[in-house]
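For reference, the chains in residue letters:
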Amino acid sequence: MITKFNTFWALLGLMFVTSSAVAQDHDHEVHKEAAHHEEVAHDDSHHATALHGEDSETDIKAVIKETIDHHLADSYDFHITDGIGFPLPVILFDNGLKVFSSSKFHHGHEVASIDGDNYVLYHGDGKIYKALSTDIHTAIDIDDHDHVTNEKPLDFSITKNVFMILVMAIFMFFLFSGIAKSYKTSLKPQKAGKFLEPIIIYVRDEIAIPNIGEKHYKKYMSYLLTVFFFIWFLNLAGMTPLGINVTGNIAITFSLALMTFIITQVSGKKDYWMHIFWMPGVPVVLKPVMAIIELIGLFVKPFSLMIRLYANMLAGHVVLMSIIGLIFVFGKWVISPAFFGLTLVLSLLELLVAALQAYIFTMLAALYFGSAVEEHDHH
Amino acid sequence: MEIPEIVGAGLIVIGAGLGIGRIGGSAMEAIARQPEATAKIQTAMLIAAALIEGIGFAALFAK
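Which chain is which? The protein sequence lines are A and B, in order. The opening residue of the first sequence carries number 2 in the working numbering; numbering runs sequentially from there. The opening residue of the second sequence carries number 26 in the working numbering; numbering runs sequentially from there.
Please keep in mind that the hints were generated in silico from the structure rather than gathered at the bench. The C-beta atom is built at its ideal place from N, Cα and C for all residues, glycine as well. Keep in mind that a hint or two might mislead.
Looking from chain A toward chain B, a few residues come up when the C-beta cut is under 8 angstroms (computed) [what the hints assert, rightly or not]:
#1 65
#2 267
#3 269
#4 305
#5 309
#6 361
Label-pair distances were calculated between CB atoms; the ranges are [to be verified]:
#7 A:137 - B:72: 46 to 54 angstroms
#8 A:83 - B:54: 49 to 57 angstroms
#9 B:49 - A:200: 34 to 42 angstroms
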């Protein structure tokens, strides 16, 4: 059932599409206007002064906003907490391939010189630009609208999100190939299989078979299972205090939706295309109108898949972190415990949402595959 | 007088909330009538709720 090589190649493709998409990802989710506050979130001493400063209320809100923005954004190093973390490799394609450690940027405080080219990490949007000079203060040129006018190199870096995808891919590969192997000796599930077998069976019996049909479902099982566990595990990883926000990144949900779209179109049978371009059972006058609507629907489906997962996870993280922030905004013994309780309840809700979003994505993907392979007998 | 955009977003969210509420309520009634069809009703409910939710999120990005 778990064809491990299919899973492996699906993941490999996933990684490729995603890593390039992440690196080329443009300014979606990060609020740039607070760029000048950037130091505040990183610097512990600032943090302390913010807590006891005169206008501590506004400062604390700025700190919370910065922390949330920092958490939601992708970054070039894996930052866990103050002083704990490690740099990740930066891969640029600009007059040849350039690979170096992100520690060369010194968190954006220095210009990195590699083989005669200078690069700078701009704090405002956390992206790498070509530096205009080797001095950090004049390396970036910002126009009146707060846009950076510097040239951008092609960026294929292993960022935090890409790193997490790779870790999760390797983890899933060993986990599921291990389970698959254990079925060769006995049909009784072993170890992790005891927990995961019912879920795999559920995906097959409740998601794949009813939506795709007994005849064709096997072909799509590897993709559905991969996507289900990939989204679920990454959603759960987002609930850990490591500060991972992979599924809340639109580039990743975009590549997931894109793959679902491609698989649907490639497996589309004659009936599927006829229902799009020449809807049977509809008056001839209406047929071209229906074709236009169906054609729009073709692209709306993966688009809604992308937005749903992205917005749900992003909103979940923002709400959860904002309520944790409220503990510090009030800072009173009477009110703060209430927000602690609220955080706990919302975390439990997020655990449910983590599984629910994986289920809905898989479910809708199966529904679209089903519509592509469906065979109608009535005409 | 100019109406701020956030009011429109709020209206959309109210609409989406009412919609999902209706789906949930109807599903609950249906389950009460036919408990044996719970699984099917739940699936249909989740799909419909997910589709409406998409519109709700559109409001958040329309700002």
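* Given residue 361 of chain A was flagged as interface, is its beta-carbon under 8 angstroms from a beta-carbon of chain B? -> 5 angstroms, holds
* Interface hint compliance - residue 305 of chain A to chain B, C-beta minimum distance less than 8 angstroms -> 5 angstroms, holds
* **residue 269 of chain A as an interface hint toward chain B, with CB separation required under 8 angstroms** => Since chain B brings no Cβ nearer than about 21 angstroms to residue 269 of chain A, farther than 8 angstroms, the hint is violated.
* Asked: Against chain B, with CB atoms and a cut of 8 angstroms, does the hint on residue 65 of chain A hold up?
  -> 20 angstroms, violated
* Asked: Does the Cβ distance between residue 83 of chain A and residue 54 of chain B fall inside 49 to 57 angstroms?
  -> Given about 53 angstroms between the Cβ atoms, the range holds.
* Asked: Does the CB of residue 267 of chain A sit less than 8 angstroms away from some CB of chain B?
  -> Hint violated; residue 267 of chain A Cβ to chain B Cβ min 24 angstroms, cut 8 angstroms.
* Check the following: the C-beta atoms of residue 49 of chain B and residue 200 of chain A are separated by a distance inside 34 to 42 angstroms. => For residue 200 of chain A against residue 49 of chain B, whose Cβ atoms are near 25 angstroms apart, the range 34 to 42 angstroms is violated.
* **chain B contact restraint for residue 309 of chain A - C-beta distance below 8 angstroms** => Since chain B brings a Cβ to about 5 angstroms from residue 309 of chain A, closer than 8 angstroms, the hint holds.
* Asked: Regarding residue 137 of chain A and residue 72 of chain B, is the given constraint of 46 to 54 angstroms on their beta-carbon distance met?
  -> 52 angstroms, holds
Comparing the model with each numbered hint stated earlier shows that hints 1, 2, 3 and 9 do not hold.
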